[in-house]
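Letter by letter, the chains look like this.
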Amino acid sequence: MAAVQETVDRVRRIDVDQYRYGFETVIESDKAPKGLSEDTVRFISAKKNEPAWMLEWRLEAYRRWLTMTEPKWARVNYPKIDYQDLYYYSAPKKKELASLDEVDPEILKTYEKLGIPLREVEMLEGVVRPEGERKIAVDAVFDSVSVATTFQKELKQAGVIFMPISEAIREHPELVKKYLGTVVPTSDNYFATLNSAVFSDGSFVYVPPGVRCPMELSTYFRINERNTGQFERTLIIADKGAYVSYLEGCTAPQRDENQLHAAVVELVTLDDAEIKYSTVQNWYPGNSEGKGGIYNFVTKRGDCRGNNSKISWTQVETGSAITWKYPSCILRGDNSRGEFYSIAISNGHQQVDSGTKMIHLGKNTTSRIISKGIAAGVSQNTYRGLVTAHRKATGARNFTACDSLLIGDRCGAHTVPYIEAKNSSALFEHEATTSKISEDVLFYCIQRGLSQEEAVGLVVNGFVKDVLQQLPMEFAVEAQKLISISLEGSVG
Amino acid sequence: MNLVLAKNETGRALSDLLAVAGDRLPGAGAIADARRQAFDAYQRAGLPNRRVEDWKYTDLRVLMRDVLPLAATPDAAALTRAGRALKPHAIEGVRRLVLVDGAFAPDLSDVAGLEKGLGIRTLRKTMEAGDAPQAQLFAPDTSDAMVALNSAMMTDGLVIEVADGTVLSQPIHIVHIASGAVPAAMFTRSLLRLGKSAGATLVESYIAAEGAKTYQVHDSLVVSIGDNARLDHVRLVEDSREAFNISSAVVSLGAHAHFNTFGMTSGASVSRYQAVIAFAGEGSQVETNGVNLLNGRQHADTTLFLDHAVPNCASREIFRAVIDDRGHSVFQGRIIVRPKAQKTDAKMMTRALLLSDEAEADNKPELEIFADDVTCGHGATTGALDEGLLFYLRARGLSEKEAQALLIQAFVGEAIEQIASDSLRELAISAAERWLAARS
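Protein chains in written order, with the numbering used here: chain D, 1 to 492; chain Y, 1001 to 1440.
Among the hints, erroneous ones may be present.
[Unchecked claim] Derived lysine-lysine pairs resembling DSS-like cross-links, with alpha carbons at most 30 Å apart:
| # | chain 1 | residue 1 | chain 2 | residue 2 |
| --- | --- | --- | --- | --- |
| 1 | D | K240 | D | K47 |
| 2 | D | K72 | Y | K1340 |
| 3 | D | K363 | Y | K1056 |
| 4 | Y | K1347 | D | K72 |
| 5 | D | K363 | D | K177 |
| 6 | D | K153 | D | K240 |
| 7 | D | K363 | Y | K1401 |
| 8 | D | K357 | D | K177 |
| 9 | D | K178 | D | K47 |
| 10 | D | K153 | D | K47 |
| 11 | Y | K1340 | D | K291 |
| 12 | D | K465 | Y | K1347 |
| 13 | D | K357 | Y | K1347 |
| 14 | Y | K1343 | D | K465 |
| 15 | D | K392 | Y | K1401 |
| 16 | D | K72 | Y | K1056 |
| 17 | Y | K1056 | D | K80 |
| 18 | D | K357 | D | K240 |
| 19 | Y | K1056 | Y | K1125 |
| 20 | D | K156 | D | K47 |
| 21 | Y | K1056 | D | K392 |
| 22 | D | K153 | D | K357 |
| 23 | D | K357 | Y | K1056 |
Treat the hints as calculated values from the structure; they're not laboratory data.
These numbers were taken from a predicted model, which means no experiment stands behind them.
Full structure from sequences and hints, please.
Given below as structure tokens:
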């Protein structure tokens, strides 16, 4: 017990010092007046030069939002959010950029500090770049707007549309109109409705039939401004036989007050198409007393609309004071497949309520859920998932494994699965375990010359390996580092 | 009684009924006050519906719609019908206690020659005498609407005490019989207290007399198991196919105590069994197992809540559901391990077998863990009969039905096997066989 106690104490000592992205960028910004009203919605829409139909869509969502109440069912506690005390739009001043050179150097520096390459030149001419290394196109979103999208030209050649959604609304209204809100309707839930009313930017991806996107696409979200909420909206469409892999990363400065992040992500795959969506979420988690941090209320849903299509969610959740997030798959097409791989790490006062929904509607649909939760400090970590097979979903298959690891005796790990079978040919398997790191295993490692921290690191890495393997290589490295930081003191 | 009229029709029907039933409900003074409080709690919540998380899959506003009026005290004809119904369900060598339409029937029960250390009284007499400890009578809290309703309306039941060190030689069999005079509701509550190092076996059966179709059983059981005591418990729900059975159990265990419980539901149109089992002393052990055998349009809900509040306790849950036609089986199992409950060992396994394309199985196995030095796990599977196994048996000359029956027997056998007592296990096996025989 003594050896383990040491680990626990070390984890307990973790403070905000561990959060390496907590700096603030000082730039002038253009903000909407504080608070939320129809005028705010009109202001955002006007800022984005949106067509009338888009404004109408937003206003409808806003009016609906007024009639809704905040959901209370998740295992998270937070003081009431004052929606009138937030800025709903904040953009770095100096807009309409012709090239990357015109981006505020402060912002570029921010992304440099974060390790996000926005300069294609460096990527292309980098001396050390080994043969065959993949390129990543990045869309960087700073507070409410997209500041830069790289590799536009190369993507255009392949026919892939990758641009801020605000531009897509203007340039490809037919595509946006056809798909926006069809996976997550404006009436879906409180936070999604709020997002529909006030979303300011996000990414739009369309991969045409038969195209395999030549590079990984990535969006990097950064909340910088004080008292702002970030409401991004991502829409990804993989047309027949298309494939795209999309990465998402997030950070925010350290602040004492809580900031709100309510995003919506919609994925659509048509026949034989595949989308792989990876997230490394590292919003500011708050300090050791649980002060500050991001409230992360996210609605992510994929619709396997076509036959033989596939959507795969992979997430590494290490940040945010509160995480409320359930990336889901609607398996509508026959033989479609949904996957959910998740690592959720909570430390300090973090509260995580995350999981997935696999909704089997088509025939012979399959899904797989692998969830690994690690709780330390005084955090609460909940897996909440739904697997359901519709009457007509013959041959539906699901495998679920959710494991939790507890480090210390003041944290909590919870599992709340809902398994609903309305079809006799549905075959569902679910298993869940909760345990602490076995003292025998630790003893074995230490006896062979590993330090206490290295041993814990080894066990934790082994614990989350199934999920890390699903991440694209570039992200896997970052994720592994993040896990180390999140549990620093126990993981080498 | 001064009652506020409820907004919905259900509430109104009941308040009229409560006013009418007023003097038929035993107990005055503090007991009457507690009834009124419980009734107010029920009225505030109304019948549970799918928006109440614990009742998500069993929406009584849709399934039950209304609470029927309180059943009349059984007359001679009712008792005769009940006596006839009792015969096929009678078990050899047990002490039988019969409740007909929610009232204790002394002529059908064995209350003579109680062995030393065993005390049996009726709930009605206990309440009328007003000498039952209030806390024990109303032990289940009123946060659940159906428990509150039961507290408000309970008319009778059994109060059983097993003294310290007494190990009963005879199992106790409580039989609930609906006589079926008119559609009505019966509200019963039984209390069982096992002293230190005591031992007992309790069987509960729910059956209907000929002609009894539409009726409602609202039952509750409050059990306290003392240090080093052991209780074996079996409940068999074989109510009429149009009946409702809403039962709750609250069990608390002292230190080094042992509770082995098994429930089988093959009857009733809509049934719900909700049990809260709490560990209050260290080193105790619970096995809770169950089987639902459903067909037609039956709906059966088993909701178990295991509360590991102290260290070094172990619990095992094994649950099986076999669902045919348009049956709907629900299993909700929640295990909570509180911060101090280190070294808890809790396992839960639930499996559902769907025999028809219109059958439905909903499983919600929940873990809530606040202590780190524990091993907890749950598993859940849902599926059809294995085609390969069926083929194997068919190839060896069994008919389709025979092959299915054999596989179903093996499937539910995994839960039935957990019953510790041989005679009780036989009882459960024969109940399962009755269901299988009726099926083919």
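Right, here's what the structure says about each hint:
Of the supplied pair hints, the one linking K240 of chain D and K47 of chain D is violated, its CA atoms being roughly 34 Å apart against a limit of 30 Å. The straight-line distance between the Cα atoms of K72 of chain D and K1340 of chain Y is roughly 27 Å, inside the 30 Å bound, and the hint therefore holds. Between K363 of chain D and K1056 of chain Y the CA atoms are separated by roughly 27 Å; this keeps the pair inside 30 Å, and the hint holds. Annotation: proposed proximity of K1347 of chain Y to K72 of chain D holds, straight-line Cα distance about 29 Å (limit 30 Å).
A threshold of 30 Å between alpha carbons decides the hint, and for K363 of chain D with K177 of chain D the separation of about 29 Å falls inside it, so the pair holds. For the proposed pair K153 of chain D and K240 of chain D, the alpha carbon gap of about 23 Å is at most 30 Å, so the pair holds. Restraint check for K363 of chain D and K1401 of chain Y: the C-alpha separation of about 27 Å stays at or below 30 Å, so the hint holds. A distance of roughly 26 Å separates the Cα atoms of K357 of chain D and K177 of chain D; the hinted pair therefore holds under the 30 Å criterion.
Note on K178 of chain D and K47 of chain D: the hinted pairing holds, with a Cα-Cα distance of about 23 Å set against a maximum of 30 Å. Taken as a hint, the K153 of chain D and K47 of chain D pair is honoured in the structure, with Cα atoms around 26 Å apart against an allowance of 30 Å. Between the alpha carbons of K1340 of chain Y and K291 of chain D the distance comes to roughly 27 Å, so the proposed pair stays at or under 30 Å and holds. Taking the CA atoms of K465 of chain D and K1347 of chain Y, the gap is near 25 Å; set against the 30 Å cutoff, the hint holds.
Using a Cα cut-off of 30 Å, the hinted pair K357 of chain D and K1347 of chain Y holds, with the two alpha carbons roughly 24 Å apart. Simply put, K1343 of chain Y and K465 of chain D have alpha-carbon atoms about 27 Å apart, close enough for the 30 Å limit, and the pair holds. Straight-line distance between C-alpha atoms of K392 of chain D and K1401 of chain Y comes to about 25 Å, which keeps the hinted pair within the 30 Å bound. About 16 Å separates the Cα atoms of K72 of chain D and K1056 of chain Y, which keeps this hinted pair within 30 Å; it holds.
About 26 Å separates the Cα atoms of K1056 of chain Y and K80 of chain D, which keeps this hinted pair within 30 Å; it holds. Distance hint between K357 of chain D and K240 of chain D is fulfilled; the C-alpha atoms sit about 24 Å from each other, no more than 30 Å. Under the criterion of a C-alpha separation no larger than 30 Å, the hint pairing K1056 of chain Y with K1125 of chain Y is inconsistent with the structure, at around 37 Å. Only pairs whose Cα atoms come within 30 Å are accepted, and K156 of chain D paired with K47 of chain D is accepted, the gap being roughly 26 Å.
Restraint check for K1056 of chain Y and K392 of chain D: the C-alpha separation of about 22 Å stays at or below 30 Å, so the hint holds. Pair hint K153 of chain D plus K357 of chain D does not hold up; C-alpha atoms about 37 Å apart against a cutoff of 30 Å. Only pairs whose Cα atoms come within 30 Å are accepted, and K357 of chain D paired with K1056 of chain Y is accepted, the gap being roughly 17 Å.
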